[in-house]
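K.L.:
Top to bottom, those sequences are chains A and B. Everything in the first sequence is counted per this note's numbering, starting at 61 for the first residue and increasing by one. Everything in the second sequence is counted per this note's numbering, starting at 61 for the first residue and increasing by one.
Hints are computed from structural coordinates only; laboratory data are not their basis. Some hints could be false.
As the list makes no split between identical chains, a pair holds if one copy fits it or if it spans any two.
Unchecked claim - Pairs of lysine-lysine, DSSO-like flavour, derived with a Cα cap of 30 Å: (1) K566 to K778; (2) K246 to K493; (3) K821 to K744; (4) K246 to K821; (5) K821 to K71.
2 protein chains.
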Amino acid sequence: MTLALTDKELKDIDDYWAAANYLCVGMLYLRDNPLLRTPLQAQHIKRRLLGHWGSDPGQNFVWVHLNRLIRHRDLNVVYISGPGHGAPATLANAYLEGTYSEVYPDRSPDESGMKRFFTLFSHPAGVGSHCTPETPGSINEGGELGYSLSHAFGAAFDNPDLLVVPVIGDGEAETGPMATSWHSNKFLNPAQDGAVLPILHLNGYKIANPTILARISPEELLDLFRGYGYTPYLVEGSDPAAMHRAMAQTLDTCVDLIQQIQTRARADGPGVRPRWPMIILRTPKGWTAPKDLDGHHIEGFWRAHQVPILDVADNPRHLAVLEAWMRSYRPQELFDAQGRLIPRLRALAPVGVRRISANPHANGGLLRAPLNLPDVHAYAVPVPNPGHAYMESTYVLGQFLRDVMRGNRGRFRVFSPDENASNRLQAIYEVSKKAWMANVLPEDSDGSELSPDGHVMEMLSEHTLEGWLEGYVLTGRHGFLSTYEAFAHIIDSMVNQHAKWLAKCKTEVRWRASVPSLNILLSSTVWRQDHNGFTHQDPGFLDVITNKEAIVTRIYLPPDANCLLHVARHCLESTDYVNVIVADKQAHLQFLDIEAAARHCAKGIGIWPWASSDADAEPDVVIASAGDIVTAEALAATAILRAALPDLRIRFVNVVDLFKLQPNTEHAHGLSDRDFDSLFTRDKPVIFNFHGYPQLIHKLTYRRANEVNIHVRGYKEKGSINTPMQLAINNQVDRFNLVIDVIDRVPRLVSAGAHLKEHMKDQIIEHLRYAMEEGTDRPDVVGWTWPF
Amino acid sequence: MTLALTDKELKDIDDYWAAANYLCVGMLYLRDNPLLRTPLQAQHIKRRLLGHWGSDPGQNFVWVHLNRLIRHRDLNVVYISGPGHGAPATLANAYLEGTYSEVYPDRSPDESGMKRFFTLFSHPAGVGSHCTPETPGSINEGGELGYSLSHAFGAAFDNPDLLVVPVIGDGEAETGPMATSWHSNKFLNPAQDGAVLPILHLNGYKIANPTILARISPEELLDLFRGYGYTPYLVEGSDPAAMHRAMAQTLDTCVDLIQQIQTRARADGPGVRPRWPMIILRTPKGWTAPKDLDGHHIEGFWRAHQVPILDVADNPRHLAVLEAWMRSYRPQELFDAQGRLIPRLRALAPVGVRRISANPHANGGLLRAPLNLPDVHAYAVPVPNPGHAYMESTYVLGQFLRDVMRGNRGRFRVFSPDENASNRLQAIYEVSKKAWMANVLPEDSDGSELSPDGHVMEMLSEHTLEGWLEGYVLTGRHGFLSTYEAFAHIIDSMVNQHAKWLAKCKTEVRWRASVPSLNILLSSTVWRQDHNGFTHQDPGFLDVITNKEAIVTRIYLPPDANCLLHVARHCLESTDYVNVIVADKQAHLQFLDIEAAARHCAKGIGIWPWASSDADAEPDVVIASAGDIVTAEALAATAILRAALPDLRIRFVNVVDLFKLQPNTEHAHGLSDRDFDSLFTRDKPVIFNFHGYPQLIHKLTYRRANEVNIHVRGYKEKGSINTPMQLAINNQVDRFNLVIDVIDRVPRLVSAGAHLKEHMKDQIIEHLRYAMEEGTDRPDVVGWTWPF
């Protein structure tokens, strides 16, 4: 299939490349005279010059060659722009392909539209200099670096006819998330998945430094990518004609290889892991810019990273350099009298959905179909009486997820850093093994659960998993990530950026269709770290989430298995959210049957009458909880109080949907003040036992009338490899301390509760002593059940 | 220098290894009969079996061979245990070397001490199963994986006689931070730095999965590490004798190579980057455990990861298997009648500070010397009148840091992801270039600032930088990390873990000496993202920090350059904190001269009388600020109010030290309620203009008497590539909205302020219109100065 470029093809491609490069320079500089119909003057120049040139010509080069491939072979290509601030290239090509004008009609394919296209680039509230949700054809936010390759693999999974081409900046290549995501090739199955053709764009420089990969020997460079399991192809140079020929041939070779791999795997099964091709494209940074200016290097140096010449409005000589540079692309030959790309060049771009900028996978909501979700009743834990049975809630969830997997083959994946079984989700393996294209050994049959066509994704990299998941949902499919609660912080920044992406799409980018939510289960939680200890105790991911926009964030703390089922189903049905679910993996008390759980989760917050003793009247105290383990302790405290002080009117409130606590003016799930007050009263003491850091509750409730009386217990960084009860006591979320809290805050208990308070202190001492001597918690705590 | 092992040496080493392995199994299982003097019975077994066996024998194997090297060559070795839950190996060796008993005398080197040593392992509030601060000889917390190699390089920088040996788990090797930290070798100078000898421990499995690197071909594996720039040496097998011989020889070879590299570099200069050796140690997981049990693999499989046989207390047959396994190490031959390691084996360990477990670099505070810090007055910005001059505060800081660097050659480094110049710290290059051992090109002389002996560390990996910095300070040296504010979230989890380490050391691990603080400057902040936009707007790192223990966390928001100087000096003098400083890099208004700044920073919070109009009496309103940009806006609002409403009594309060807002019962820096009330009143409206997410202020102040009247403005996720004023207006931290806030909250302004309020709304509309049309902010905002 490899065809050498004809001279005509070469000229066409070079002209198209020149048009794209011209547009990039225009975006950086011009607010008028977009086609240089008249001599360039200072008044044509933008007031502020902001933007990035460095990687644009290299990316334009890749794009025009991909266009050729697509036309020749009718390929279905998603392009991912890794080099953060290289948006001008993507924008230029989207504009040349017409997509940009379709999406933003004010930037029409003519001279006036081009003027506006230039003007709005890096203009306030306009178009950013890195790829954003507003960029047609993009699913990779270019602001934070490191995720283009994991996004690419996420897009390719289960899309067998897709070719995803991530261009990876050599700056981005220094990030940790990128460095390990090269290993994604051990998880891609050529029979069922699409292909990823990574192009490392080695242009040599970051903002002000050379890049590492550009400054190692060619042997090391090739060894590195061979070691990552690829067959690297080097396209290197600066002479356009030679580079065009080399790139065309190399891309043909790579696609031939990819198609051979796929054809064989689809005929004979996935077999051994192929060595997929990748390309190292070594070009000058800022290729085709002036070589130097005033004795400083521009082309091929870091000074080409942003706007290469800054003072053109004030410096006529520099203005002339700019004009000569821009005219070197011969705009008058490339655009017609109306300012449209000439027909000869327009014919080089693919048409319709084959245009990279219009590929529907890059607006994945268009391809989204709702999951087939089983009825949660089939997995219900029988709960004849609240608080009597113990169950691993996530084990139950695993059975539900297993059947979600069964009913949605090829469009639902479960992700975890080697922790699905540890998190008790192992039932999913009955339906799908772990994706694995690396070597297999005979002993793997002893429970390793590996398969090339597995849809459970396990790698010890939270970054790669999160990147795969983002790529998977942004292309319209569904996923579920489970991770140790403390280590969710590893992906704080990735989730932040995804939330920002979603928020932009929901508020401003109307042409993007809704995508499935990003679902994250936090398990192995802070309160059960008997042998992991202090390092594994950090429930602060929730705090990070609450800083993101309310329209895209949801946090659920189901108290038991049946609530977890309802919450999980709801999250899997939803779109455009970051859903965070907190549920521990150990056996915990179960409170609500599946019907009661449905009602409770639908409300998101509610009084548990069976636990309360206020007889629907005004209580003396509200005991509230959010989280599975802290709910059990809060209930145990309630039981102690009701037994010892039968006159005390206790209201028990449980929170599943954390944002219920915020005012409805702040979050769509928030309670009105009236509803909040009806639960928490306006003046009675509230003892709130919270799963996470206590101040988060204050952060959410600070405007409420009764805030001053809300006393929150939660994790306060007091931990070690403690028994559960020790840890609870150290952080005062245990039943005994909660009883003391109530006594201390209900005025009429000052004397009536004095004896009970002493008894609680004795219990605390006794429990700590027992745990230290026996190495476990007392059986009366471990097996405690609700006594009423 | 390579000497083959003699038969006696082989037997000695193998016996020592057996002793260490025996101790590891003992830790997992025994609470009595530690030396198996009597037949093993169920009552000798711990009640709960918790811990990790998988990587222990491999790490013991490395350790005993390092002991041989140290004794033969008098090496100074720091060992870093990367495979998270492999603490038993480190503990066993610290115990065998006597260090453990020196530090924890209750675990004496005899039978009763050994019994207690075993019992406390994985016992509540006892000894964890991964390396923790309590572990002698360790500077790497094993709870979260991925940082052992960057820690190792951090320890080796500027320690020319040190050999740091990180053992890297093949699970850990899948993490992103680890995958890129292999490139640290491009920053290590053999002339001035020590050496790092990485040992990849390829034991094949994580918790329940094979590892990627164990399941690629040997060619790929070697290519990968060649590509990373190392010379890999493979030591592979399971036969102990053969493995001992191979390991001894390989280590000798590697150390010879290291010493040749160092000798040459120290004689002739660093020259070209050497290809440092690294070792791939391929052993069975759980090596020397029973091969299988009940048809399931143990040795060499993931089932050896934790406690390999769990039901020994209830299953006599399994108890017998355990006993046979333990007796296979022949404890009666290795320990004497008192339970001490026999003299023949004791002689194998180095003595004194040459013991790995007693290396002072691993308790780096012992080696810490305070920095020579210049007087900040030399860098003072003249501020004859508050609020009249503009200055880039971080540029001034750069001059101070330059001279810190000058005065502390070899024990102070500055770290940044390619952003020191972008963050305006470029003055440091006058004294130290960027460390760079990769290739250099002629054009680098055009401002790239590279040098092998540079002490400025720049790589586009926040993870690697943070890991280097942690390794550097934990070994007693000083550092300063600057990073883009939004992307500090990338290292949330690392900083969390470091804060936990420090908190443990301060509260429980008394034998650890104080180490220099971890200093982080957040620059390129949320409020100046004209061309980066929404993705670069996230001030939430502060929220993460406030969840950590008060005893180790400090947050400073200096409003101007002189305050920044004082804050930076204070942070560099301090120990055992995570200090976070927020200061933008753009030109901002300057408020305080260096003397006034000294007083203000010493208090951390205070009234600015020159900005206030309350004449020291009770104000009508308090306008407060924390942060440079928001302080200028708050002052501008104050100026508008004072001009328009001269009777209004305004108190202006500025906060430098954010924890002043917390009660003194929560944080050592916290104000008493009395002092807080004296600043913020008990009942007057407070308009608080905050740099970060507004709820953080509520989180810190929720217990204060006047909390209900504190109205906080801050970033609320409303952003794009806005002009500064647009962004301020969108988030309502701008002067106009603040004036409206005051009018809305001071009762007597309902009518008196009505006209001003209308005027403010007009101003907002006018400023937004101007920015959209002109692409910049109005000159009267850009150049605004305090008018009084």
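K.L.:
Reference check for the pair K821 and K71, CA-CA at most 30 Å: within, between, both, or neither?
P.N.:
Cα proximity of K821 and K71: none, with 86 Å in one copy and 57 Å across.
K.L.:
Between copies, within a copy, both or neither: which fits K566 and K778 at Cα up to 30 Å?
P.N.:
Close across copies (13 Å), not inside one copy (40 Å); limit 30 Å.
K.L.:
At most 30 Å between C-alpha atoms: does K246 with K493 qualify within a copy, between copies, both, or neither?
P.N.:
This pair counts as within: shortest intra-copy Cα distance 14 Å, inter-copy 40 Å.
K.L.:
Indicate which option fits the pair K821, K744 if close means a Cα-Cα distance not exceeding 30 Å: within, between, both or neither.
P.N.:
For K821 and K744, the Cα distance is within 30 Å only inside one copy (24 Å; across copies 41 Å).
K.L.:
One pair to classify: K246 and K821, alpha carbons no more than 30 Å apart. Within, between, both, or neither?
P.N.:
So K246 and K821 fail the 30 Å test inside a copy (56 Å) and across (58 Å) alike.
Going through the hint list in order, the structure does not satisfy hints 4 and 5.
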